[in-house]
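One line per chain: the protein sequences are G and S, in this order. Heads up, the first sequence is in my numbering, so the first residue is 1 and it goes up one at a time. Heads up, the second sequence is in my numbering, so the first residue is 1 and it goes up one at a time.
Errors might be hidden in some of the hints.
Said to hold, decoys possible - Computed footprint of chain S on chain G; a stretch qualifies when at least three of its residues, placed anywhere within it, have a C-beta under 8 Å from a C-beta of chain S:
1) 49-58
2) 150-156
3) 304-315
Calculated directly from the structure, the hints in this document are not laboratory data. Computed from a predicted structure; not experimentally measured. Quick reminder that beta carbons are idealized off the backbone N, C-alpha and C, glycines included.
Number of protein chains: 2
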Amino acid sequence: MAPRQGELPDQSLYTSVRRYASGYDHPDYSCIFVHAGAGYHSTENEQKHLRACRNACQAAMAALKAGGTSTDAVEIAIRVLEDDPVTNCGYGSNLNFDGVVEADASIMDSFGRTGAVGATPQIQNPISLARLILERSSQPLTLKRVPPNFVVGEGAVDYAREQRFPVNTNESLVAHSARIRFSKWQKEIEYQEIMKRRGRDPDKSLTADLPLLGASNRPIQESGSALPPTTQELPGTPQLLEQKVDLVTDTVGAISIDRYGNMAAGSSSGGIGMKQPGRVGPAALIGVGTFVKDRGERQAATVVSGTGEHMLHTLISAQAVNRIYDSNDELDAMKKIINEDFMGTQGYGKANIWGEPAIGVMSVKAENVSSGKRLISFVFGHNTDSFALASMTSSDPAPKTIMSRVSREPKLAVGGSSRLVQMQIKTHPEEKPKKEKTSKRLGKHDKKYHISPPLKSEKRNSLVSGLEGLHIDSRDGESSGPPSGDNADIDDDTWLIDPADEEETV
Amino acid sequence: MAPRQGELPDQSLYTSVRRYASGYDHPDYSCIFVHAGAGYHSTENEQKHLRACRNACQAAMAALKAGGTSTDAVEIAIRVLEDDPVTNCGYGSNLNFDGVVEADASIMDSFGRTGAVGATPQIQNPISLARLILERSSQPLTLKRVPPNFVVGEGAVDYAREQRFPVNTNESLVAHSARIRFSKWQKEIEYQEIMKRRGRDPDKSLTADLPLLGASNRPIQESGSALPPTTQELPGTPQLLEQKVDLVTDTVGAISIDRYGNMAAGSSSGGIGMKQPGRVGPAALIGVGTFVKDRGERQAATVVSGTGEHMLHTLISAQAVNRIYDSNDELDAMKKIINEDFMGTQGYGKANIWGEPAIGVMSVKAENVSSGKRLISFVFGHNTDSFALASMTSSDPAPKTIMSRVSREPKLAVGGSSRLVQMQIKTHPEEKPKKEKTSKRLGKHDKKYHISPPLKSEKRNSLVSGLEGLHIDSRDGESSGPPSGDNADIDDDTWLIDPADEEETV
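Just chain G, same shape as in the assembly:
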């Protein structure tokens, strides 16, 4: 998954910001979490999406193990996803109305530093340009101009050129699959024109299909064209192919914690298909698509995927970070994020933003729970059909992936896991961690994190390994165990808090 053009820009630009959490340094524990979008993933293509996630985790973990920062890991994970044509970012992005790939990307670190690009053409790895902007934010531009945090459109291309960052042609970013989607949508448009000229209501006859142009993370029925068999036969209701061949064409994201205790998060997206040129979506927006809050003792990050236009006024990633940060029950917090903070503010009063709101949320939280011990919690939720995720920690031999699915209405799935990490004490040997009673602490976390015994799914898909200790809670009132039907396969390996973890120094 090496980039096809150019290398990372001048590495000397990058300042490795290292910070030691709460007097404990070098815990030698790092982790990466990625998602490849919430939406509808056909079972046929499930493997492609999960393989992309796995590759992203592996590349990022290699960087983390080599001493890379969480910002490095997030950038690298998202580069891998951008280079994979199956995802809607970088190479293989949706085309806008004019047939141009226009990228949105953002990245944020533990220190509140941010970098973002929006509606930017000709960049294969927008996350790397965003990261360059983040790094440059500490240094004045030429002529002592304040360095920008957020650069868009052609200006971002100029910025890239000025910084000797690789600039591509649009053609080199257009994947075959994206070209096919674009052509089909163009034909839809022609069809609409014909229908209009014949005096029929083109919208009415295409209702079942055309909303897919806009609703970015709803099922993209790639083959579900409303086009009639031939242009000679124009039925009143076009024959829709029922087969759900997905392309989930939505935002990807990553969150990482590095061995220095720092956190970073990033998002990247090609945006919605046939979008208005110049349209900026949540993946470019700090607080909407990407957010990190870090106060040392505790830190949290969130990246989201979904219908962008319904997210802007909710500042949903910042809102999610705040809820997760303050909560003792992250799964419950995740339900509130989706049901209240996102869905609850849609169309309040008479707002009526067009389209159907949908979202997938991925959050990570780390906090000191006792002397020398840090609890790392991973939690996600979605009200889309599916959500593709993966994780890898420095103690895992391989990434763990999950395609979380839910089909019953009202759709809502939440899940997560947590792990207690024993930090290595180096800088402050005088501050010895008190040896606490294992049972006491376990009881506490058991209550806090809905710990259930290691679970094993009935139905096992050998190609999908579950996230560690995954806890699926499809919606209120249902079993809090993993539903056997729609939901995730659970791996043997658990990430639950158990006595063994007490000694873990990994």
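Use these hints to put chain S onto chain G, whose structure you have.
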């Protein structure tokens, strides 16, 4: 101050969203608050800035009295400021590095609807394009595409053309004063080049002057050129003109409440001088530059002005709205917004975003305090030298303006006022407001809102009328009354809660 080109776009697009606050309709009370930027305003130019604010209030109030919505009022107030060359927005904006006016603007209403443009050339009234985007967000674009909330760069120009919104030439947006600033900065650059070629450190010798290129709301010493008298004489330390001839080249903003009880807020800016083309600043960003939260019983809005790159990670307008919304002591909340939420998160850890952070914040809050009575609070704060503000309510014969100033370090000024409004009961006559003891309620608000007796400034500037009931609190530990020196002139007319207000139905 009529627009020089074109009219408002097709009025039929606009849907007047009307909502009745808490069962009380048509209170026949409306208000508009505007600011023309935080920074340094020379006393010589003070009147120009305040006149622009006054004109903005008058135009907006005319619309409100004619039945216009708060969104109309915000749009119109900001159009007036955009059309005035003294402000850095619309006509008269700073030019970017390539000599182009690139506009940022955003608008948000009580219903969570938003519209924004960023780094957009060729638009004289970016607030109106943002407002058009807001209105269009309820309607699918052609071909059922999801309507965008945020459109940038050339794409926004295409969008404008598609919507038959006026598109100008760049030249028509460049004011004489902006051209002069640009030329001076270009000469600074040439000077730097010469210094560099001569082997001197151009940065070092220009430290006192050049940061003005970047620090958008710090003193713009228009005549304080670092240029030597002639290019033949190149002194090591260029002769700086001490005279502070300002141009505060920063974001403008407006907040309004209309007779239907709805709130709206908006911002507009030409961004920092010589900015990176494509750079998007806070005025374009919901949650950073502009935010509204409205739950009927209570509503709050905030717009900000300041060093944009230091704001992004703080989501400062949303943060301010939340603080003000939840607070019983808005002046104290405003201090926390500036000192903790903004300054407190600058460079936490080792972030080190380049440049000196500075901010001006303007907030409005309205809430039901007893049956049929709504308390409207206005509060502002800044840690810049000055902040130009104005307000007008439907009961005022003329706008009230203030140039809030502070010069002592550490700079911090907060101020505000509040008014109790008796709503007219129309829709729910059965819900009769209970007649409460005046003294009791007064006591309560007295405590809550730092009510002090009507104040009269010692030093009176006849050209500046004070905001009603203005309460200035320059910083912790100082007198809570208005400082006699730097600070605001107070008008006779007060907006404090007093028995007379109890009967006010205005």
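Each hint tested on the structure:
Counting residues of the segment 49-58 of chain G whose CB lies closer than 8 Å to any CB of chain S gives 0, which falls below the minimum of 3, so the coverage claim is violated. Only when three residues or more bring their CB closer than 8 Å to a CB of chain S does the claim for the segment 150-156 of chain G stand; here the count is 7, and the claim holds. Remark: the segment 304-315 of chain G is confirmed as covered by chain S, as 7 of its residues place a Cβ nearer than 8 Å to a Cβ of that chain, reaching the required three.
Going through the hint list in order, the structure does not satisfy hint 1, though it satisfies all others.
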